[in-house]
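The lines below spell out each chain.
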Amino acid sequence: EVQLVESGGDLVQPGGSLKLSCAASGFTFSNYWMHWVRQAPGKGLVWVSRIKTDGSRTNYADSVKGRFTISRDNAKNTLYLQMNSLRAEDTAVYYCAKDLHDVGMDVWGQGTTVTVS
Amino acid sequence: QSVLTQPPSVSAAPGQKVTISCSGGSSNIGNNYVSWYRHLPGTAPKLLIFDTNKRPSGIPDRFSGSKSGTSATLDITGLQTGDEADYYCAAWDSSLSAGVFGGGTKLTVL
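Here the protein sequences come in this chain order: L and H. Take the first sequence: its letters are residues 4 to 120, numbered as in my numbering. Take the second sequence: its letters are residues 8 to 117, numbered as in my numbering.
Only chain L is shown next, with the shape it has when bound in the complex (with noise of 0.2 Å):
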């Protein structure tokens, strides 16, 4: 069964940093680029990153970057976002997703939540 599972949500102060897992079965991970999305409380969903098959190009929201990195372990089957100087407005669910081709993702997780307070 094709499988992506988020792990690594927590409630986190104000300026602190936090690292989201997503491990991937099911499929041949390193063919693939991956998403993280995310959606707030009470609000849409946003795209946030993505990355390359070998991880060797990566891009970002204006509002994550320089903040936000998005990794790999392709051994490992493993999406990383690394999340450092967390603000209020980064509360959200977050989503890490396969690419099926530009932004159509057609594997989605259930979501970790982060909550910056």
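Everything labelled a hint here was simulated from the structure, so no lab data went into it. It is possible that part of the hints are untrue.
Pairs of lysine-lysine, DSSO-like flavour, derived with a Cα cap of 27 Å [stated by the list, open to error]: (1) H:K53 - L:K55; (2) H:K53 - L:K46; (3) H:K61 - L:K55.
All values reported here derive from a predicted model rather than from experimental measurement.
Fit chain H to the supplied structure of chain L, relying on the hints for placement.
Only chain H this time, still in chain L's reference frame:
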């Protein structure tokens, strides 16, 4: 303020057709593919349409996508009460070098 603009809500009766619009610009919809998602709070979003008009396996042909210029649309025919959800469009923005979502449209099946 989302880069892509969607109506906050749409509604229609069971069995009818509804169209959800998504307006952008030349740096996103105008020159890139559009995807559409269905999302129920507390669950994982579901891909309905990718590459503007393609359906992933398992998505019924009641769902169709298209675009014209810098606007895209998602059509849902034969509405069912189970279609009630939030619907989002998304595209790559070449100027921002980032993905962008619309603000979401809440579909109510009356």
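Structure-based check of each hint:
{"no.": "1", "hint": "H:K53 - L:K55", "in the structure": "holds (22 Å)"}
{"no.": "2", "hint": "H:K53 - L:K46", "in the structure": "holds (17 Å)"}
{"no.": "3", "hint": "H:K61 - L:K55", "in the structure": "holds (23 Å)"}
When each numbered hint is compared with the structure, no violation occurs for any of them.
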